[in-house]
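Heads up: the protein sequence lines correspond to chains P and B, in order. All letters in the first sequence, in the order written, are residues 306 to 555 by the numbering used here. All letters in the second sequence, in the order written, are residues 10 to 265 by the numbering used here.
In short, the hints are calculated from the structure, not lab data. Owing to the predicted nature of the structure, the values given are computational and were not obtained by experimental measurement. It is possible that some hints are incorrect.
With a straight-line Cα cutoff of 35 Å, these simulated DSBU-like cross-link-like pairs (lysine-lysine) come out [as the list claims (entries may be wrong)]:
#  : chain 1 : residue 1 : chain 2 : residue 2
1  : P       : 308       : P       : 479
2  : P       : 392       : B       : 261
3  : P       : 392       : B       : 200
4  : P       : 457       : B       : 63
5  : P       : 457       : B       : 201
6  : P       : 325       : B       : 63
7  : P       : 392       : B       : 116
8  : B       : 261       : P       : 479
9  : P       : 479       : B       : 200
10 : B       : 201       : P       : 392
11 : B       : 63        : B       : 53
12 : P       : 479       : B       : 63
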Amino acid sequence: MWKWLHPYANPEVSYHFTNKLLPWLSALTAIFLSIGLVWALLFAPADYQQGHSFRIFYIHVPAASLSMGIYVAMAIAAFISLVWQLKLADASAAAMAPVGAAFTAIALITGAAWGKPMWGTWWIWDARLTSELILLFLYLGVIALHNAFEDKNLAGKAAGILTLVGVVNIPIIKYSVEWWNTLHQGSTVSKLGKPSMSLDMLWPFIFCFIGFALLVAVIICLRFRNEILARNSIRPWVRELIQKNTVNNT
Amino acid sequence: MTLKAQSTQETENLTATIDNSMIGDTAQSSQQLSYRHAFMLVLKRDLTIAMRHKDDIINPLLFFVIVVTLFPLGIGPEAQTLSRIAPGIIWVAALLATLLSLDRLFKSDHLDGSLEQMLLSPHPIFILVLAKIFAHWLITGLPLILIAPLLAVLLHLNEQSYTALLLTLLLGTPVLSLLGAVGVALTVGIKKGGVLLSLLVLPLYIPVLIFATSAIDTAALGLPYSGQLAIIAALFFGSLTLAPFAVGAALKVSTN
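Input sequences plus hints: build the corresponding full structure.
If you want it as structure tokens, here you go:
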């Protein structure tokens, strides 16, 4: 496996690999998201209690779970870059942080919009809301620390250490906040067991979830590509690439 | 200027002593003694420096007292309201006071170069960092604990919760110093690290705040609060064992 993985540590190889990956990922994203969102927003049955306002669920839940998933992915990348000193892992962690922050913000905003008709208030100091808010703070801290260093290699290392400290702390914060106060409804899409929602609501959710996950992958690939170019801007292959592109365009 | 020279000289003494002790150690005594020796040396150096800048000890303490006095002025002097929010006020003020004092932990050492000397010394960074954090707690955490009962009186804290307040502060403030050290170590090389530091560290302080205030509230109701105390103790031992490693790694990044 190492033999197979090892060429991708070269920035040029992984740049071209990402390039090849992107059209496929974008096409899949378009298919899944259009099917999922149209199905979810127009054809899925309305909830017997919450009416049509429950449809925001199809954006809220994928965004919330992806916000946590991206953090874990970022922590894994940070760990790899600290232990094996892979610079590309650094670049990918840097590519992921703003995406994760954006999805955390989406989850919070859609949650507030859902909370207003259901709970009668935009914001409650409830366990899940609070821990999501803290997750947003952690993301913003990582991004701010990354921006504070001029040297990108140092920035990656420092942000990586903070990400790892955060990953140790997230479960602690989550449970502390949960014991402190809770109101948020329980999970409806219990992953492997029997889901507590009907199938014609669940299928569009699965499409939406996969669609959003792919969307995250596309955005991260785009940002990762830019990170590689920015970090290797003095290398000859980047120059050649840019010259080729400008010739093609003119 | 003289103070700076003084602290560099002390560090030189320290490194010289460490070198001497290393030579002595390889010749005769056990490794364990030298760890303790290094720990005590760093601790003594930091305490001496702190004793010579007394305002560094007094200012965070004054800040703590002033922040706590602001709340009754802002909220109103009703004893009932105050006693209800007293645990929260005292703990939030303690968090902020610790945050203010954190900067001193590595900043001056970084500026005069003694931090790099320390990182270059043959002793494990874990021990040296732990000594520095312990010194920081002795300088800022301990006075906070000593003055807290007085503020609790001013805020009409329920009489049953005094023990809980002291115990949570005793277990909780070291956690604040340990976690804060990670943040300082990450930002010590940055010019304007102060605001960034609070952004990094405050989210990590949340569990301590939640369990400490909940323990004090439970104590006010006359119920057992050993569960919350056990969790704060767990946080303490967890950060005691893990945070110095993170601080060491972060210092290596910061000093480059």
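Quiz item: Which of the stated hints cannot be reconciled with the structure, identified by number in ascending sequence?
Solution: 1, 4, 6 and 12
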